[in-house]
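The primary structure of each chain is shown beneath.
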Amino acid sequence: MSNPFTLNGGACLAMAGKDCVAIACDLRLGQQALTLSNNFPKVFNYGDVFLGLTGLATDVQTMHSLFRYKVNLYRLREEREIEPETMANLVSSTLYERRFGPYFVSPVVAGINQRTGKPFICGFDSIGCIDFAKDFIVSGTASDQLFGVAEGLWEPDLEPEDLFETVSQTLLNSLDRDALAGWGAHVYIITKDKVTKRLLKSRQD
Amino acid sequence: MASQYMLPHVQQPPSFHSTASQPRQHQWSPYTENGGVILGIAGKDYVIIAGDTRSSEGYSINTRTARKIFDVGSGIVLGVVGMSADGEELARKVARRIDDYKRNHDKHITVNAAAVMLSRILYAKRFFPYYCQPLLGGLDEDGVGAIYTYDYVGSFEREASRAFGAAASLITPFLDNQINLKNQFVPGTNGDEPRKPGDLPMDRVEKIVKDAFTSAVERHIEVGDGLQLVRVTRPPPREAMEDEEEVDEREKTAGGGVLTEVMSELKKD
Numbered sequence: 001m002s003n004p005f006t007l008n009g010g011a012c013l014a015m016a017g018k019d020c021v022a023i024a025c026d027l028r029l030g031q032q033a034l035t036l037s038n039n040f041p042k043v044f045n046y047g048d049v050f051l052g053l054t055g056l057a058t059d060v061q062t063m064h065s066l067f068r069y070k071v072n073l074y075r076l077r078e079e080r081e082i083e084p085e086t087m088a089n090l091v092s093s094t095l096y097e098r099r100f101g102p103y104f105v106s107p108v109v110a111g112i113n114q115r116t117g118k119p120f121i122c123g124f125d126s127i128g129c130i131d132f133a134k135d136f137i138v139s140g141t142a143s144d145q146l147f148g149v150a151e152g153l154w155e156p157d158l159e160p161e162d163l164f165e166t167v168s169q170t171l172l173n174s175l176d177r178d179a180l181a182g183w184g185a186h187v188y189i190i191t192k193d194k195v196t197k198r199l200l201k202s203r204q205d
Numbered sequence: 001m002a003s004q005y006m007l008p009h010v011q012q013p014p015s016f017h018s019t020a021s022q023p024r025q026h027q028w029s030p031y032t033e034n035g036g037v038i039l040g041i042a043g044k045d046y047v048i049i050a051g052d053t054r055s056s057e058g059y060s061i062n063t064r065t066a067r068k069i070f071d072v073g074s075g076i077v078l079g080v081v082g083m084s085a086d087g088e089e090l091a092r093k094v095a096r097r098i099d100d101y102k103r104n105h106d107k108h109i110t111v112n113a114a115a116v117m118l119s120r121i122l123y124a125k126r127f128f129p130y131y132c133q134p135l136l137g138g139l140d141e142d143g144v145g146a147i148y149t150y151d152y153v154g155s156f157e158r159e160a161s162r163a164f165g166a167a168a169s170l171i172t173p174f175l176d177n178q179i180n181l182k183n184q185f186v187p188g189t190n191g192d193e194p195r196k197p198g199d200l201p202m203d204r205v206e207k208i209v210k211d212a213f214t215s216a217v218e219r220h221i222e223v224g225d226g227l228q229l230v231r232v233t234r235p236p237p238r239e240a241m242e243d244e245e246e247v248d249e250r251e252k253t254a255g256g257g258v259l260t261e262v263m264s265e266l267k268k269d
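From first to last, the protein sequence lines stand for chains A and B.
Read in order, the letters of the first sequence are residues 1 to 205 in UniProt numbering.
Read in order, the letters of the second sequence are residues 1 to 269 in UniProt numbering.
One should not assume that every hint holds.
Covered, in the sense of this in silico footprint (three residues per stretch, anywhere, with C-beta under 8 Å from a C-beta of chain A), are these stretches of chain B [as the list claims (entries may be wrong)]:
#1 158-171
#2 178-184
#3 215-226
Since the hints were derived computationally from the structure, they do not count as laboratory data.
All of these numbers come straight from a predicted model, not from anything done at the bench.
We treat Cβ as the ideally placed atom computed from N, Cα and C, and that holds for glycine.
Generate coordinates for the entire structure from the input sequences, incorporating the hints supplied.
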């Protein structure tokens, strides 16, 4: 119970490629060492923008419904979909609002800017500091493992299919070395006019 | 009590009341953590053990040129991470015991015998352990690469690859994937046939080792400066050697290998 970030377990990863981005997560929900569910996705989409949320599961669900609400209002007011850069600032300010009683989550944003066509990924700490990256963003209990593998496998300007392989291999091999994450994975490959969602079978232990 | 509100660097006035009767707790901390990472990979007829050369304490770097891989004689190498003082002491002790073995038995020790010996050395200090994780490498009696890995008190296991130290959690899954080919399948089999590990040529493994270290350097502050890479390979065939005495020496090595060391640079920030 001591660390809310590692209580439920879970991992998330986003990578940028050539005119594409990928975001992926595991499916485990646990309470310490006990696995409660193997169908708990941590990546959600709000229009064209994707958000990965790892950390305390109750905060993951709360933030998901909060952003669904906020992005719906944005859509009504602006009469257009939200862009990833805007979403990043929305996530950041939402987290900073709770500066002294934070949501125990490490969010990841991924998407393609529909106006410019540029891939965008970024990550946050639990109080909203944005980490803009041009390569990859990791979060969750397997973050050490993800950093190590992603740093070794990622290269610039990957095409969608190669990006899928890189993201999947990075995620799967990292999950296999983390007892708190795993039990299947979701991978989204996002290009300007297409989103492919794949479900990965992985070790069930 | 004015002294309670004084800044810590201000000299406290002598107190005449407290010292004799008040209990004072003293403590001594015999261990430090000096960072760094090592990794070992065993191939069909070679062993590679590599380590970075940074030695640090907290956020300070003590030296950028500390070797963590030691030649302990008889074609056997020992890599150690954790507390460097304990690591060096352990390497000296192992080297001495391997030399003793050679003199007492008039033959080189085999890696598997050395592996058991190291386990006993570690367990002998069961209640004041060496604060280091050792990794022993060499060629076994069949000339096949062997890596033995230990915990602090001597539990050991022969493995194909292993990373120890500060960035072990970063490197281990990378090695799983690239050396043991985990989560990889033969193309066209629809994920039914896993790719079989082993049989990787040494030059390819060396590239993977270097990649593993450059990756770890990027994301871990305790890793960097230089890379020490030690290979153990089979000795060249007999006729190729000119010095007869040296031939005799090699002959006594039961499958023992030849060590070569390569030093290269890593990022220093």
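Hint check results:
Figure legend: the segment 158-171 of chain B, annotated as covered by chain A; annotation consistent (4 residues with Cβ-Cβ distances under 8 Å, at least 3 required). With 4 residues bearing a CB less than 8 Å from a CB of chain A, the segment 178-184 of chain B meets the requirement of three and the coverage assertion stands. Counting residues of the segment 215-226 of chain B whose beta carbon lies closer than 8 Å to any beta carbon of chain A gives 4, which meets the minimum of three for the stated coverage.
Consistency with the previously given hints is maintained throughout, with no hint failing.
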